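Novice: Its first residue numbered 1, the sequence shown is counted upward by one per residue in the working numbering.
Everything labelled a hint here was simulated from the structure, so no lab data went into it.
All figures in this text were calculated on a predicted structure; none of them were measured in a lab.
A couple of the hints might just be wrong.
What the hints assert, rightly or not - EDC-like cross-link-like pairs, simulated, lysine to aspartate or glutamate; straight-line CA separation at most 20 Å:
hint, residue 1, residue 2
1, LYS444, GLU486
2, LYS181, GLU200
3, LYS312, GLU82
4, LYS113, GLU147
5, LYS126, GLU82
6, LYS113, ASP98
7, LYS169, GLU65
8, LYS42, GLU164
9, LYS489, ASP461
10, LYS424, ASP412
11, LYS105, GLU147
12, LYS171, ASP136
13, LYS169, ASP136
14, LYS483, GLU449
15, LYS489, GLU507
16, LYS485, GLU495
17, LYS489, ASP459
What the hints assert, rightly or not - FRET-style restraints, in silico, Cβ to Cβ:
hint, residue 1, residue 2, range
18, ASP459, ALA377, 26 to 32 Å
19, TYR78, LYS148, 21 to 27 Å
20, LYS362, ASP31, 47 to 53 Å
21, THR157, PHE324, 22 to 28 Å
Note that beta-carbon positions come from the ideal geometry of N, C-alpha and C, so glycine has one too.
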Amino acid sequence: MNSNEDYLFWRLANYFVTEHNYRLLQMKGNDWELWLENTSIKGAQIIRLLRHNVDWSNWMQRDIEAIASIAERYRKRYLRGELQMVNVYLTPNPPVDDYQFRIEKAYQVPGSKKTNVQTVLVQSSKLEDTIAQLSDFFTQPIPITMEKDYDSQEILTLKQATLEFLVKKAKQEKAIFHNGKPRFTYVFLLLQIAVFILMEFMGSSTNSATLIKFGAKFNPLMLEGEWWRFFTPIFLHIGFLHLFMNSLALFYMGPLVERIFGNVRFMFIYLLAGFFGTLASFVTSPNMSAGASGAIFGCFGALLYFGVMYPKLFFRTMGMNILFVIGLNLVFGFTVQGIDNAGHIGGLVGGFIAAGITHFPKARKPLLQGLFTIISAALIFFGLQYGYGESTRVLDAHSSFVLAQMYVEKEDYDQAYTVLKDVKASGDEKADLLFLLSYVEIQKGMTDEAEQHLLKVTDIDPTFHEAFYNLALLNINNHELTKAKENAKAASKIEPDKKEYKNLLKEIDGYLTQ
């Protein structure tokens, strides 16, 4: 082999990796074939350097076709769009037969016009002209000259320097993914599984009362000052399938994020993203909710921040897959009922912001981190102001009804009455709400109001047998036995198997025969 071409091979390789930030895709052929990649250089996203004495153009054509097929597979996997590849042969002499027609235009893979392979022959004997051809793919001339003949030791030194630079760069990239062992991921996993088991033991993870007891996002209690409900829903799940899907997502996503950001940063990102998810749900939906989905979407948000900071590394390793999964989940959330998509989006935004606040281990950007801190504080402040400033925005009749039931169970009838009256005043007069209001009024000695509400219940729903039964009891208390018998009969007719209804009828008949 000609030593001048050997030197040019490593001189070009060194220039591309040090001056244009190319990275090594592969090296083969006893180190005389290098594939270099930098997708940000649109005219030469991949450079293939081959030190070979090209004697015949038909061999060169077969070689071009083979590497074009390899490049097309790479494009489909990593780039999606077009791929511009520059194929460089370092040869002392061109092929002995006609070859110009084979390289004057870019070669395209049959059936695909997205991978273009442009070939250049670099010869030391025509260095200025051939380097000029290669420079056309860049924004500036390639400053490479041959000042003398180079011996094998000089070539070896240049080769070692180039390879050492590539190894150092590869280690730096690899180190980004090794900033901590995934400890908190498994802590959060075990915690949410343990809480789920405890919830099932104490009642049911699908029971509203159990969920509220364990700290689900429940707007009425959050408005009363139970601030911890912005965090506790992260560890609660509604049913086994909900737990399984979120645990599976955390099992795969958590370690990746924790290795990139480190343990403490991951914990901060996970919890702040979960908080943002709950806050977004709090201000947009009055429904009760729970789950780690917001925090898990926060992991996606953190990876998006990683993608903004390291775009080439992101898209080379995980980018398209992450974007696809995020898009799929958001579309799924918008099209399927019962999914708290606001919580997902809030978690995604929160994870991105939290990653911006913490940035990466051993790397500080005070101005950027300060900006993200201000943005985070502003979003939290305005979100809480919006939610707490006008409670009617974040409440609905159902959640108020559940809250009133909780007060009734605690025998706090004054609070229950206040809640139910507010709901009724808003125009919601459903049968079950009026029935509960009548029960509270009975407990407070407001029997006249209770009777009016029970009568309204029977008008709204003539099959509401409990309302007829309670009316009969009120009639007995008011010594209106005829009305009592009519209402007791109505209750018994709707539910003939209820013993208490039959017993009440017998009791009324006994009073009437006296």
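Novice: Would you mind marking each hint as holding or not holding in the structure?
Specialist: Verification of the supplied hints:
no. : hint                        : in the structure
1   : LYS444 x GLU486             : violated, 25 Å
2   : LYS181 x GLU200             : violated, 32 Å
3   : LYS312 x GLU82              : holds, 16 Å
4   : LYS113 x GLU147             : violated, 41 Å
5   : LYS126 x GLU82              : violated, 31 Å
6   : LYS113 x ASP98              : violated, 26 Å
7   : LYS169 x GLU65              : violated, 31 Å
8   : LYS42 x GLU164              : violated, 26 Å
9   : LYS489 x ASP461             : holds, 16 Å
10  : LYS424 x ASP412             : holds, 19 Å
11  : LYS105 x GLU147             : violated, 32 Å
12  : LYS171 x ASP136             : violated, 32 Å
13  : LYS169 x ASP136             : violated, 27 Å
14  : LYS483 x GLU449             : holds, 17 Å
15  : LYS489 x GLU507             : holds, 12 Å
16  : LYS485 x GLU495             : holds, 15 Å
17  : LYS489 x ASP459             : holds, 16 Å
18  : ASP459 x ALA377: 26 to 32 Å : violated, 52 Å
19  : TYR78 x LYS148: 21 to 27 Å  : violated, 41 Å
20  : LYS362 x ASP31: 47 to 53 Å  : violated, 33 Å
21  : THR157 x PHE324: 22 to 28 Å : violated, 46 Å
Checked against the numbered hints given earlier, this structure breaks hints 1, 2, 4, 5, 6, 7, 8, 11, 12, 13, 18, 19, 20 and 21; the rest are met.
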